[in-house]
Structure formats: structure tokens, C-alpha cells
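J.: Fit chain B to the known structure of chain A by using the hints.
First to last, the sequence lines map onto chains A and B. Numbered according to our numbering, the first sequence spans residues 1 to 464. Numbered according to our numbering, the second sequence spans residues 1 to 262.
Fair warning: there could be bad hints in the mix.
Said to hold, decoys possible - With a Cα cut of at most 20 Å, we get these calculated DMTMM-like pairs of lysine to aspartate or glutamate: (1) A/363 <-> B/73; (2) A/363 <-> B/154; (3) B/103 <-> A/348.
No wet-lab data here; the hints were simulated from the structure.
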Amino acid sequence: MTGPALFLLLAGLGAIAWVSARARALRLQTVARETGRRDAVHSLPGYHGWYVALWTLAPAVLFLAVWANIAPGLVTQAVLADPAAQSLPMDDFSRSAILGEARSIATGAQAGAFNPLAQGLVEPYRAAISKYGVAGAVLAIVLAFAGGAYAFTRVRPDFRARTRVERLVMATLLIASLLAIVTTVGIVASLLWESFRFFSMVNPLDFLFGTKWSPQSAAMGYGNEDAFGAVPLFWGTIFIGAIIAMVVAIPLGLMSAIYLTQYAKPVVRKWMKPTLEMLAGVPTVVYGYFAALTIAPALRDFAVMIGIHGASSESALAAGLVMGVMIIPFVSSMADDSIAAVPQSMRDGSLAMGATTSETIRKVLIPAALPGVVGGVLLAVSRAIGETMIVVMAAGLAANLTLNPFASVTTVTTQIVQLLTGDQEFDSAKTLAAFALGLVLFVVTLLLNIVALRVVKKYREAYE
Amino acid sequence: MTEPTNPLAIANPKMSARDVKVFYGAKQAIKGVSIDVDMDNVTAFIGPSGCGKSTFLRTLNRMNDTVASARVEGTITLDGEDIYSPSMDVVQLRARVGMVFQKPNPFPKSIYENIAYGPRIHGLAHAKADLDVVVEKSLRRAGLWDEVKDRLHDSGTALSGGQQQRLCIGRAIAVEPEVILMDEPCSALDPIATAKIEELIHELRGRYAIVIVTHNMQQAARVSQRTAFFHLGDLVEYGVTGDIFTNPTQERTKDYITGRYG
Numbered sequence: 001m002t003g004p005a006l007f008l009l010l011a012g013l014g015a016i017a018w019v020s021a022r023a024r025a026l027r028l029q030t031v032a033r034e035t036g037r038r039d040a041v042h043s044l045p046g047y048h049g050w051y052v053a054l055w056t057l058a059p060a061v062l063f064l065a066v067w068a069n070i071a072p073g074l075v076t077q078a079v080l081a082d083p084a085a086q087s088l089p090m091d092d093f094s095r096s097a098i099l100g101e102a103r104s105i106a107t108g109a110q111a112g113a114f115n116p117l118a119q120g121l122v123e124p125y126r127a128a129i130s131k132y133g134v135a136g137a138v139l140a141i142v143l144a145f146a147g148g149a150y151a152f153t154r155v156r157p158d159f160r161a162r163t164r165v166e167r168l169v170m171a172t173l174l175i176a177s178l179l180a181i182v183t184t185v186g187i188v189a190s191l192l193w194e195s196f197r198f199f200s201m202v203n204p205l206d207f208l209f210g211t212k213w214s215p216q217s218a219a220m221g222y223g224n225e226d227a228f229g230a231v232p233l234f235w236g237t238i239f240i241g242a243i244i245a246m247v248v249a250i251p252l253g254l255m256s257a258i259y260l261t262q263y264a265k266p267v268v269r270k271w272m273k274p275t276l277e278m279l280a281g282v283p284t285v286v287y288g289y290f291a292a293l294t295i296a297p298a299l300r301d302f303a304v305m306i307g308i309h310g311a312s313s314e315s316a317l318a319a320g321l322v323m324g325v326m327i328i329p330f331v332s333s334m335a336d337d338s339i340a341a342v343p344q345s346m347r348d349g350s351l352a353m354g355a356t357t358s359e360t361i362r363k364v365l366i367p368a369a370l371p372g373v374v375g376g377v378l379l380a381v382s383r384a385i386g387e388t389m390i391v392v393m394a395a396g397l398a399a400n401l402t403l404n405p406f407a408s409v410t411t412v413t414t415q416i417v418q419l420l421t422g423d424q425e426f427d428s429a430k431t432l433a434a435f436a437l438g439l440v441l442f443v444v445t446l447l448l449n450i451v452a453l454r455v456v457k458k459y460r461e462a463y464e
Numbered sequence: 001m002t003e004p005t006n007p008l009a010i011a012n013p014k015m016s017a018r019d020v021k022v023f024y025g026a027k028q029a030i031k032g033v034s035i036d037v038d039m040d041n042v043t044a045f046i047g048p049s050g051c052g053k054s055t056f057l058r059t060l061n062r063m064n065d066t067v068a069s070a071r072v073e074g075t076i077t078l079d080g081e082d083i084y085s086p087s088m089d090v091v092q093l094r095a096r097v098g099m100v101f102q103k104p105n106p107f108p109k110s111i112y113e114n115i116a117y118g119p120r121i122h123g124l125a126h127a128k129a130d131l132d133v134v135v136e137k138s139l140r141r142a143g144l145w146d147e148v149k150d151r152l153h154d155s156g157t158a159l160s161g162g163q164q165q166r167l168c169i170g171r172a173i174a175v176e177p178e179v180i181l182m183d184e185p186c187s188a189l190d191p192i193a194t195a196k197i198e199e200l201i202h203e204l205r206g207r208y209a210i211v212i213v214t215h216n217m218q219q220a221a222r223v224s225q226r227t228a229f230f231h232l233g234d235l236v237e238y239g240v241t242g243d244i245f246t247n248p249t250q251e252r253t254k255d256y257i258t259g260r261y262g
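The shape of chain A in the complex, shown without the other chains (with noise of 0.2 Å):
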């Protein structure tokens, strides 16, 4: 039987239990209900249409998925145990190679045999794997009706069907958020580990605190002091996404909230907040090559022109610049909220005392509304220090310190990409080296958006 089949089969069977348990559990509860006492019928007669059709699908599906996964190895021993595998090689390699080949002629993906003996397995192939195809239909055919079955028996007025749904489908929910806490344990703990392996060949404090970044010469033999050092990383991280881009974002993000939450009119800021809000939704591979191919040559232009050394057509300028308009709608958003958060009477109080709107602004609301503007800054930080592709495309490779903003610098979103691109040897200290800095990264990003996330619902309380 083939698995649409199958599939099929038990999609009606679920159904049909369904059906059938609602019609005994809508009958048996009519009996009751003549008995005249409200309390004899507990559940509704659809939770018991579920429960019977829950019994009915889940074992038979929790088998198939089990079978699905040990039947191949009962496949592989019935066809090593027929006569025709005696002549198999011995050694595992060609073994498996020839059984493959046979399976796959066996099952219709390859049309002929380059090995001979191959040919003679596909017989004892196709035999092995209809024999425990159908055994495995039959075997969840069977646990559907048991399953069905016992459910079935189970229907009753008084029976609490709908207790027993509703733990179903907390638990199924609780698996599905589980799944992404376990997901982000794996990735922490994987990250842990191979930053581990990394700093048991290069000295924490090497890494942390050295000025030298040239991986290449350590992975070229030249060994890996002084090769590791990832301050001018932090160091281009920070120009970049917490210098430029926020002196670009703070303020205009802070005046475009400040003219949208107190001077425009209703409409203006109907359509405004959200074609605002849009810029978020560019992808940022697009801010990217308008970054390298737009904004970095117009800047490079500009620094020969008025007489900057050493700029170049790759720089922090033209990376931050693009990356601060990116983050605006963060940073206005954030500070939108909790300027609109500041209580009406605090505005009322100030303008009764006949100071004007922007002295107002000035003097009352921004000061109430700065907890959470810096709570947004913060955030918006984090996020920027995390971006990848506008810095990957615009920002360079060269591991300058340097403070010169039309200088190419690089990050260290830019340098985990470089060493994880293209073949790599997992055991070298320059493929490793990523998974340190991303360790770095995860740490910095965690405490800021730990701090942003304190401040802000501190700051939420004092007017709640």
C-alpha cells in the first residue's frame, strides 16, 4: 500500500470515528437528559467526536512514524539474509554500495544496475520492502481500530471528553513552545562548545584584547599568537553600528516621533506611521548594494574631494550611515510609544501653565518619556551590532583601527561570514574563531536587549 494511501485511509477512519462517536455520544446523551438531572451529561457531544478520532489517528500515526524509521534495517537484514547476497563482498564500503544501488532500482529511482550483483538483489528488494510496507499498513490499520475502539467503548454522558481534549491540546501547545526553547538551548550550547575548542588554541585574553586580526597567516602555518586579536572587530562593530548609525537614527527617529505622536494631524499620521514603519520591512540585502553601490562612491568622491587620506570605496561611513536610516523606524517606534505613554494630564498640567508645545516637548515630555527612549536606543544598538549584510556588502574586510569614518573597516557579523564561507576544516583555530565571535556577539546582544527590556518596563510602571 502506498503512503497517499494509507494516509487517506486513516484521514477517513478518523473521520468516520468522529462522526459516529458524536452521533452515540448525541444519542446517549438525549436518554440522559430525559432522566431529567443536568449533571449526568458532562461533555458536549463534538469533544467526544474528537476524542475517539484522537484516539483513533494518534497511534496509528506515532507508529507509522516509528516504523518509518526502523523498517529500512529490517529491510537491509530480510534482503542480506536471502541467497542471492551470499556473493556479497565482505568489506562495508562496497557492501553498502551495492545495497544502495539495489534499492534504488528496487524503489524506481535508478532505471539500471552497474553492478551486477546489484541486479540480483532487486528482487529479494522489492520483496523485503512491500513485505513490511503492508505489514506496517496493516499493523496501523489495526492500532487505528483498537485505538477507535477503545475510545469508542468509553463514550458515555457522564464521561469528561472534553477534560481529556483540552489537556490535548495544552500539551500540544506546550510542545510547540518547548521546540523553540530547546532549539535555542542547541544553538548556545553548540555555540559554547566550539568557542570552547577555540579557546583551548588561542588565549581568551589574546583574543579579547589583541589588535591583530589576520586569521589567514594563522591558518598558513605562521601559527596562532597574535593572530587572533578581534579589537579592531569590536572596535569597527561599534563605529559602525553604535556610533554612526545611532547619531544618523537617535535623532531623526526621535523627531519623526515627536512630530507624529504631537503635531501631526490624525491623518497625516494615519499613513505616515506606517509607510514610516515599511522602512523596517525592506530586506537588508537591499540596504546593502544601496550602501556599497550608491552611498559608499558618492562618499569615497566626497573624501577625495575635500582632501581625506586613505579613503576608500568601501567604508564605515557609508555603512552606518545607511544602517542608522534602517534602524529609524526602531528607534521612532520605541520612542513613538512612550512619549504616547506619558499621561495626558502631565501635557494638560504644562500647556495650562501656558508654555508652548515644544517647550512642552522640551521640558516635560521628553524628560517622562526618556526611560523608554533609551530602552528603544538600546534595543535598536543591539540590533544594529547584529546586522549582517549591509556591513558584509559596504563595511570592507581589512581589520583597521581606526578612526577615520571614509576608512574601510570590518565587523564582526562581516568576519564570521569570511571565515565560514566556502570549504572549511572544522578543526582549524580560524574556522573556530567565528564561533567565538558569535559567542561574543550573542553575550553583548543579550545584555543589552536584558538592560533595554529593564529599563523600559521600569519606566512603564511609574505610570501604571
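T.: Just chain B, lined up with the frame of chain A:
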């Protein structure tokens, strides 16, 4: 409605409203109110919730300007000058007509900075020493000085509700207004704090024209000399407080005073 049913003959009114109508969008909240407010008496606006007394109060210093849908018709004058005329600067107007709100709303700044806020924005005091004088004077008038003089730089929001409200009154006084509007200033306070505010209103009487909105009839009887009764956007009756409470001329006033509705 053209004239109040019992217009008080006020020779030289501080503020004067004639046929004032207020609309929120299409809805009319005030239906033609005429009233005079004088300098020497405390005027109370009473009436059931939603009768328009607060809305009318807010027209007196143009706080309704901050509500986009609000529209005001009729004339309101301050010392004979139309406050809705284009030549009237709303900043100047609000410096002359101060306001205290229902819920104490000190700024999240120090006590000192709360009081100094108005004088600073209006340029009334520049040197630190001048400002110190203004702050002390205002806090003394608001009856708060003795309680806060040792912690002027603590946050204004850390004070108790009653102290916060007196801080807000002090803040309004600090810009030397001529009229003080109070919008249910005690509705968020306990009886003891309320008594202190009422005492303060007595002390401030005569120095400022005071208009107080209250839903508490006993409070109106205690603090005011003139009472105006509002109902459904109309000014039903306006007169000497004692008369309104003991001898109302209008049926609606009588019903409200005796607790038939409200």
C-alpha cells in the same frame, strides 16, 4: 437660553461669558451659557456628571484648543478683552488664567523644579536667588512650604495625593495668574487632604478670582460665595451660594439639591 435666570449684577466682572456654545464634532456640549465671574468671590460650578461644567471651565483658558474636534462659539472676555480673538496669545492667556486639574499632575521633576517651571518659561525670574524667592513664596501660599522645605529637591511625584494637589496649586500660583480654575480638585483626595485644599481656597480668595468645578454640593456650599448650576449643557441657575442651596428658583436646581438625581 439667552441670559442666566438669575444674573448677578456684577459691576466689573473679571471674566465674562456671553452665549457660549461648545461643540465636540456634531455633538453640542454647552448650549449657550452667559455668566460673569468676579474677583472677590469664589465661584462654584455644580451639576451632575456630563452636564458640561468641566467643559465650560476649560473654555475659560482655552484648554479646549488641545481637543481637535472641539469648537467654541460666543464670546468670553478677560478684563473686557475677548480671549478668542486672533490677537489674544494663548500663552499669555494661560499665564493669566491658571488651572488645577482633577487628578494631581505634578511633573516627574523635583518639587523645586515643578514650581520653577512656570516662572522659567515665562521669564519671570532669571537669577537663582529670584527663583528661590518665587518658589518659597508660592509654596507658602499653597500651604506646602513647611512640609517640603527640607526636601525641595525630592521628586514631586513622591508626595502624597493631597500634597501633590497643593504642589499643583503652588505651581499655578507661581506665574502670578489673575484667575485660577480648579476642575474638581479634591475628587481624588481623602477628606483630610480635601479639608486642607478647601482651607487653602479660603486663603487665596480675594487675591485671585477662583472658579471651582465640583460634584460635591457640600464642598460648593463650604468654599464658594457664588454657585452656578449646570444641567445638560445649560446654565440653569446662578446666584449667591446661600440662595441656591436654601431657596433655588428653578425646579431642576431644587431637584438636584435635594438629591432627586445627580
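J.: If a hint holds in the structure, say so; if it does not, say that too.
T.: Against the structure, the hints:
1. Only pairs whose Cα atoms come within 20 Å are accepted, and residue 363 of chain A paired with residue 73 of chain B is rejected, the gap being roughly 33 Å.
2. This hinted pair checks out: residue 363 of chain A and residue 154 of chain B have alpha carbons roughly 18 Å apart, not beyond 20 Å.
3. For the suggested pair residue 103 of chain B and residue 348 of chain A, the alpha carbons sit about 11 Å apart, so the restraint of at most 20 Å is met.
Of the numbered hints listed earlier, the single one contradicted by the structure is hint 1.
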